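Novice: Protein chains in written order, with this note's numbering: chain V, 1 to 345; chain D, 1 to 420.
None of these hints come from the bench; they were simulated from the model.
A quick note: this is a predicted structure, and the numbers were derived from the prediction, not measured.
Glycine included, each C-beta is placed from N, C-alpha and C at the ideal position.
Some hints could be false.
Claimed, not checked - Between beta-carbon pairs, the in silico distance windows are: (1) D:K121 / V:M289: 15 to 23 Å; (2) V:M289 / D:G370: 37 to 45 Å; (3) V:I230 / D:I129: 16 to 24 Å; (4) V:N199 / D:S89: 49 to 57 Å; (5) D:I47 / V:R332: 33 to 41 Å; (6) D:I129 / V:K195: 53 to 61 Å; (7) V:D287 / D:G370: 45 to 53 Å; (8) V:E137 / D:D111: 47 to 55 Å.
Stated by the list, open to error - With a cut-off of at most 30 Å between alpha-carbon atoms, the simulated DSS-like pairs for lysine-lysine come out as follows: (9) V:K158 / D:K141; (10) V:K249 / D:K133; (11) V:K155 / D:K145; (12) V:K249 / D:K145; (13) V:K329 / D:K308; (14) D:K168 / V:K125; (15) D:K133 / V:K125; (16) D:K35 / V:K186; (17) V:K125 / D:K304; (18) D:K162 / V:K133; (19) V:K133 / D:K176; (20) V:K311 / D:K308; (21) V:K329 / D:K304; (22) D:K157 / V:K280; (23) V:K274 / D:K133; (24) V:K133 / D:K145; (25) D:K35 / V:K125; (26) V:K190 / D:K53; (27) V:K155 / V:K311; (28) V:K311 / D:K145; (29) V:K249 / V:K311; (30) D:K157 / V:K158; (31) V:K155 / D:K304; (32) D:K157 / V:K249; (33) V:K280 / D:K133; (34) D:K168 / V:K326; (35) V:K158 / D:K304; (36) D:K308 / V:K330; (37) V:K141 / D:K133; (38) D:K18 / V:K133; (39) D:K162 / V:K141; (40) V:K125 / V:K87.
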Amino acid sequence: MQTVFSKLAKNDYAKYPFLKDATKYVKTPNLKIEDLEDPSLEKILNRAEQRVKDAILYNTINKTPHFDEDIELMSFPIAIILAVATKNAYIQKRYALAEAKRATEDLKKEPKEKILKIAQNFEWKLDTTTSEKIPGEFSLKFTDYLRNITHLQTKEWKLVNHILLNGNIHLTKDETARLLQEEIRKHIEKRLEIKELPNFPPKIIETAEKIKKLAAEKIGKAEMEGFPEIISQSAFPPCINALYEAISKGRHLSHVGRFTLTSFLVNIGMSPDKVIELFKNFSDYNDRMTRYQVEHIAGERGSRTHYKPPKCTTLQTHGVCTNSDKRCKKIRNPLGYYKNKLESS
Amino acid sequence: MSKMPNLAEDFVKKMFLKYYSECFDQVCIPNLFKKREFGGLLSKERIMIRHRKIETAAELQEFLCSIIPSDVYFSSAYYEQPDAPEMNSKGWFGADLIFDVDADHLSTPCDKIHDDWICSKCGFAGKGISPEKCPVCNSEKFDVKTWPCELCVNAAKEEIIKLLEMLKSDFGFSDKEVHVFFSGHRGYHIHVEDDSIRTLDSVARKEIVDYVCGLGLTVAFGRSRYNDSDALNLLRTLRLSNYGWRGRIAQGVYNFISNAAREDYQNIGLKKNFVEAILANRNMILKNWREKGTLPLIKGVGVKNWSKIAEHCARVQSANVDTVVTTDIHRLIRLAGTLHGKTALKKMEFQPSEIEDFDPFKDAIAFKDGSTSVLVHSAPEFRLGDITFGPYKSEKVELPTAAALLLVCKNRAEVVSDGI
């Protein structure tokens, strides 16, 4: 392996400014938040603003015509501050994703050694494949793989459809870069989770407001909207319909089935009392126990967590998924089906 | 143990106490036990005592001897505060990877003919696997009296053997990290203890389950919308030397073609003329496959038929585990070396390499001395150690303690006079 020759240079950190050691190359590492008012930093602030705006407008970060290593390096942490200052979770998520996507495009063009270096930054156990018998250029410890496919729902990412040998998954370069995108996105999302917000200087607040306005125009409010008050059974997905029918007839439901149905119904706005009513058809019905469990799922008891129904893939694992139709291919969760069907009807 | 007569209950409790007092050295103290939750089931009250924290071995023994649980559990999870009463305040920081294979979920060669079921509504009773609906009153709830027969337990063992192979060659775990146990009843457990898997969430564990069950396996490996020509390309490149599931399927198809008779093909849905075409060319197919490396497709057998064979072989090669157990990161599992309330046999660890020789009905016997007189209502023929007992029907017999306990725990017998 040629890792010896592949030390990352300043140019690399400008391309991948989220890496741990990037701060070493920043000219003024001790910059304070109030310094951002300084006119000499205007170019950097402008680039930072562009980064977040690009995320909203194009879902990626476009390259600037005048690539300047220092500006790239410095504008990243400031873009983070801007995204935090919008106090809008949607903008923040979109920004993290755009940065990760942009990095992935670059990563795909990098030599193997550089990809190894960047993976090392995230403590991945990644290596190049030496055997000619096995397709793919990289091998990755399966646990690192599993931690990063949570949001990759298509069949080709399933562990079962990859070569897993002695604890390592065999991957092509593009697949490796795509997985790194997930890692980078999570890393940036974490950096955006600042619990105690500082006092932002006026210029930052002003810029953040501009970004929020842009987001409202571009994305609209639809994304954040919940469900209508009236429950329409005709929009239930097939799995829920099957469970609903079973419970109405007092037929036995598995634990996962009961949880799925209950969490689905309370999420679309059915009151816990009405849900409990359904369970009365069971021969082993116990009022106290059922009430406790339903109210727990609805987030009215115990940990106050508001539970969502399991994802479609989880329902497949536990045999709850049934009679899936065309619409099922478009969604990942029974709630998505309900929303989609309501919107299209 | 459900609704046991008092005399029987006392006998079981007395024997369990004797075991935990005299044979406590057989109870396995798990790694990092101070960070785990412990629990025990009180059979009579049907109450689960849980959220217990254990600091020393003596404390565990004290717990077992004072409460005398019918079943003893500990958490696969590690917690900052194992004794916190709410799951959210426990401070979860990891969990072992657990697999459970139980004959209850498997179709077995005995068809569970030894199990009794009785409709909880009208009392209609029968033998074998309970029907979906009671033939008399249409109710769907039954009380089932199961029986741990050797065929059932062996069916579970077959699944565990496949699972062990995958954990070793595919996931790369060594014998040091993989612990295999007989559950004490009708199944086997595997605990994987390793830093690398400890913090995996339930979504990641679901992927592991799907892998061992072969769920979501596209025979076209990666092509979500594969058409016949894709499938054809895949089949043409299916090599016996392939790795992972691809290799597993290749090997499976090879073995199937080597051994399958006419009806085996028909059972998986192949039409007669295709079957004849394959059978007529069997030796040629196998020879060419071995020598040329790739599966030689023959005229008259289309892609769809080959895919049927491949899918059947994938099913045969998958390990049928309880999906809920592995994905639950807060699971309570039976503590090794403790007694199973349904059998009075031990949950018992053995080396993965010894699985073929492990004899649950001998090696997991906890009580090796003494005898007891019992009145047996009904019991099929069964073996414990080297002795075969029964079948019994409404008769009084004097049995070795282990056999008497098994029947009493299974609600198949009553204690007549306390033999010890």
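Novice: Please flag the earlier hints that this structure goes against, numbers listed from lowest up.
Specialist: Checked against the structure, the hints that fail are numbers 3, 4, 9, 11, 15, 17, 22, 24, 26, 28, 32, 34, 37, 38, 40, while the rest are satisfied.
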